[in-house]
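Protein chains: 2
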Amino acid sequence: MTDAAHMALWESLDLDIPAHDALLTVLGKFYGDIYLSQQGRLKGAEYLDFVLSEVHGLRIKEIQDAKATGKKVVGTFCVFVPEELTLAADAIQVGLCAGAKAGTEKAETLVPRNTCDLIKSFVGFKLAKLCPYTESCDLVVGETTCDGKKKAYEAFGEHVPMHVMEVPQCKGPRDRDLFRAELTRYKDALEKLTGNTITAAALAAATKVVNAKRQALQRLARLRSADPAPISGRDALLVNQISFYDDPVRFTAKINELCDEMEARIKAGQGVAPSGTPRLLLAGCPMAVPNWKLPYLIESSGAVIVGEESCIGERNTRDFTDETPTDLDGMLDALTDRYMKIDCACFTPNTERLDHIAAMAKELGADGVIHYGLLFCQPYAHEALKVGKAMEAAGLPYLAIETDYGMEDAGQLKTRVEAFVETLS
Amino acid sequence: MTDAAHMALWESLDLDIPAHDALLTVLGKFYGDIYLSQQGRLKGAEYLDFVLSEVHGLRIKEIQDAKATGKKVVGTFCVFVPEELTLAADAIQVGLCAGAKAGTEKAETLVPRNTCDLIKSFVGFKLAKLCPYTESCDLVVGETTCDGKKKAYEAFGEHVPMHVMEVPQCKGPRDRDLFRAELTRYKDALEKLTGNTITAAALAAATKVVNAKRQALQRLARLRSADPAPISGRDALLVNQISFYDDPVRFTAKINELCDEMEARIKAGQGVAPSGTPRLLLAGCPMAVPNWKLPYLIESSGAVIVGEESCIGERNTRDFTDETPTDLDGMLDALTDRYMKIDCACFTPNTERLDHIAAMAKELGADGVIHYGLLFCQPYAHEALKVGKAMEAAGLPYLAIETDYGMEDAGQLKTRVEAFVETLS
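Read top to bottom, the protein sequences are chains V and C. Using this note's numbering, the letters of the first sequence map in sequence onto residues 1 to 425. Using this note's numbering, the letters of the second sequence map in sequence onto residues 1001 to 1425.
Hints should not be assumed to be uniformly reliable.
[Said to hold, decoys possible] Pairs of lysine to aspartate or glutamate residues, derived as DMTMM-like cross-links and limited to a Cα-Cα distance of at most 20 Å, are as follows:
| id | chain 1 | residue 1 | chain 2 | residue 2 |
| --- | --- | --- | --- | --- |
| 1 | V | Lys-389 | C | Glu-1108 |
| 2 | V | Lys-389 | C | Glu-1105 |
| 3 | C | Lys-1386 | V | Glu-108 |
| 4 | C | Lys-1267 | C | Glu-1363 |
[To be verified] In silico contact screen, one side only, chain C against chain V (beta carbon under 10 Å); selected entries:
| id | residue |
| --- | --- |
| 5 | Thr-1025 |
| 6 | Leu-1027 |
| 7 | Val-1111 |
| 8 | Thr-1348 |
| 9 | Gly-1373 |
[Said to hold, decoys possible] Footprint (simulated), chain C over chain V, 3 or more residues, beta carbon under 8 Å:
| id | stretch |
| --- | --- |
| 10 | 109–122 |
| 11 | 151–163 |
| 12 | 174–181 |
| 13 | 374–388 |
FYI, nobody ran anything at the bench for these hints, they're computed from the structure. Ideal Cβ placement from N, Cα and C applies to all residues, glycine included.
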């Protein structure tokens, strides 16, 4: 797209153009430093670079063009919002901007200062008019996965059309009933929004699309067990980040191409870091675009990341939705089963997450685990303590880091990460 | 009780005697400064002084004597745990120590540092062996009302026999179903614990006892609408605090006596502060014994507190349980209805709380509202912003304070409170 076309697009969305220009400049520099500087990158990463370079351009244009034909756009912040239903209503689902400091001062008029940066970010992006995705939304879907988001949506709902899904806190039969009813309520909201009826055929087709995306991401995740590592953790994270907003069919095709290339590379014994490089599993809070700080610090400290135990990673891709049912009720049951398997820290107890982390570390040949907690995220801060004990029991070196989107602690974090990596060599 | 009898009791509970002695010394001094120094106190406050002086003595002895006859003791931290059921199982329900800094360093090995002091306190009291109530418990009942407690109970449950009740996050029909099922599950747990069957007759009797306690507390609350104020906010808070651990029948009788005295005082035009003293409503987080810091700061700044919009206050006493049903199922439905009315910040939305605060302020003739948020309590921090907007709309002066159990900020808080009170005169 030309600069003029970009400008016209952003003006049509009423973005704050000077502030948005400044944001893109910083983002471009940040991307260059963290991504384009990498050695031995996969050729397929060109897709990632292109998507990122047009993240507020071409993809927004596509979405706007679709809207012009009557399509509706649904924005989300959480892996509990079933993309299957959104696609079955012929709507577009996108993850909203939540990975960078933006509009913080404005955000703090709506949410408390002791709120995690992810929440402050999405509120700030909206209030400062910096996110073309948020501005494109016909509906924003929230969920009750943590106190911070649950209460933030009350205030956020005064600024965007909001639908909040209740996610239960335990996994008993009544919890399942509650979530099942919430899926129906979401289905109804989508039908009302789009004017389309969600039929069994449409939901079956949509489920195939979403499962195919999960299949591609699982394929990529499994290939990372190879030594040397065929892809950097940064690029793998970016793949997962892009999975939340690119067109799902195109994305799946591109990721499968990337996997083909990875397989060839593995066969040739090649990788992004020499064999013997300390391999780390990153666990914990989601890292939304462009929250690349910690992966960059880790991979510039002599280690390579081989897995993301996170909502923007394994937690979003681990489970398929059963495609067997042929009637709508059966399909909604299957969706309930699939989403209630998620090992989010919002559940109590959530011991399966400890087993998943240990299993991932083993399968991926990780030499250690780094837990990333976002400052003021209480659910994952609690689990960081539990993961630490579980990793000690499993004999796996463990480092728990708590940080936010600021760069002030980068030096200190790098020192801690380097010291940790050194113990693994 | 004699010192020797106290000592024998505490040793039998395996308390850390030197640390516990130190705690009681500080508590005694604190109580003297904050309570015994008050002018024009009600004669009935002698009951409060006595109960407090024997808080770790006589009441614990009573509980231990009851345990010796086979009674069971249930500890709680939240107004969602239905005392009706506990009493119907012929068990004793007590609120556990959570209002003072204790064992903080130990607590921070189980819960994150960015956790509110209430949670750190109950964890610390247990790990440091300082709470004779916790040590007397046969069962501790938690609930999923906030991320901090929900996740803390996972770790706490490794140190005490734990039962966690799920409290839903919305108030729809499925939420009601879920909570109804949780009441049944709690009933079953009580029956298993005590060996007693909860009959309709027992539950009806227990409901009368708990409703009578609420009735007395409501009577006291209503009398505070008089000008001059017939009781200090500190003493009224203490009454509510004691309601969580004294014997409910004795407590109700004593509070009704106190109310008789208050009525006589009102008739005589007397009070604890001259007519015209700025009257404040205190809203927000619960203040567990001995968390008297903010009420003391307020009432030593030329204002009088006329109501507590808090779980240790109005939120716990506002609603009665319907005594009409005669069968167990109907009674459990009535309990469900009663508890699902609570306007806790754990719910989304929770707009009824804003209406309640405005109504309380009006009924009690409050000149302003102070919102108390416990540092790191996210649900009430969010609502503090909303309450501020609602009070502005209602034309009520408003001050939001966030603090913890430390005394380091006392001077700074006093300056802020004094400045606020000055604007009301």
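With a cut-off of 20 Å on the C-alpha distance, tell me whether Lys-389/V and Glu-1108/C pass.
14 Å, holds
Under a C-beta cut-off of less than 8 Å, do 3 or more residues of the stretch 151–163 of chain V approach chain C closely enough to confirm the stated coverage?
holds (count 5)
Given hint Thr-1025/C near chain V, where the shortest CB pair must fall under 10 Å:
Constraint on Thr-1025/C not satisfied, violated at 33 Å.
Residue hint Leu-1027/C, partner chain V, criterion CB-CB below 10 Å:
29 Å, violated
Outcome, coverage hint (the stretch 174–181 of chain V, chain C; C-beta under 8 Å; three residues)
holds (count 5)
With the threshold set at 20 Å, check whether the alpha-carbon distance from Lys-389/V to Glu-1105/C stays at or below it.
Holds. Lys-389/V to Glu-1105/C sits at ~18 Å (cutoff 20 Å).
Does Thr-1348/C meet its interface restraint, that is, does its C-beta lie within less than 10 Å of any C-beta in chain V?
It holds, given that the least Cβ distance between Thr-1348/C and chain V is near 5 Å, below 10 Å.
Tell me if the straight-line CA distance from Lys-1267/C to Glu-1363/C falls inside 20 Å.
Status holds; Cα separation ~19 Å.
Any CB of chain V closer than 10 Å to the CB of Val-1111/C?
7 Å, holds
Within 8 Å of chain C's CB atoms, at least three CB atoms from the stretch 374–388 of chain V: coverage verdict
Our answer is that it holds, as 10 residues pass the Cβ test (under 8 Å) against chain C, meeting three.
Hint check, Gly-1373/C versus chain V [nearest Cβ-Cβ separation less than 10 Å]
OK, holds: Gly-1373/C within 10 Å of chain V, min 8 Å.
Does Lys-1386/C pair with Glu-108/V here, judged by a C-alpha cut-off of 20 Å?
The given pair, whose Cα atoms are some 13 Å apart, holds under the 20 Å limit.
In terms of the numbered hints stated before, the structure departs from hints 5 and 6, listed from lowest to highest.
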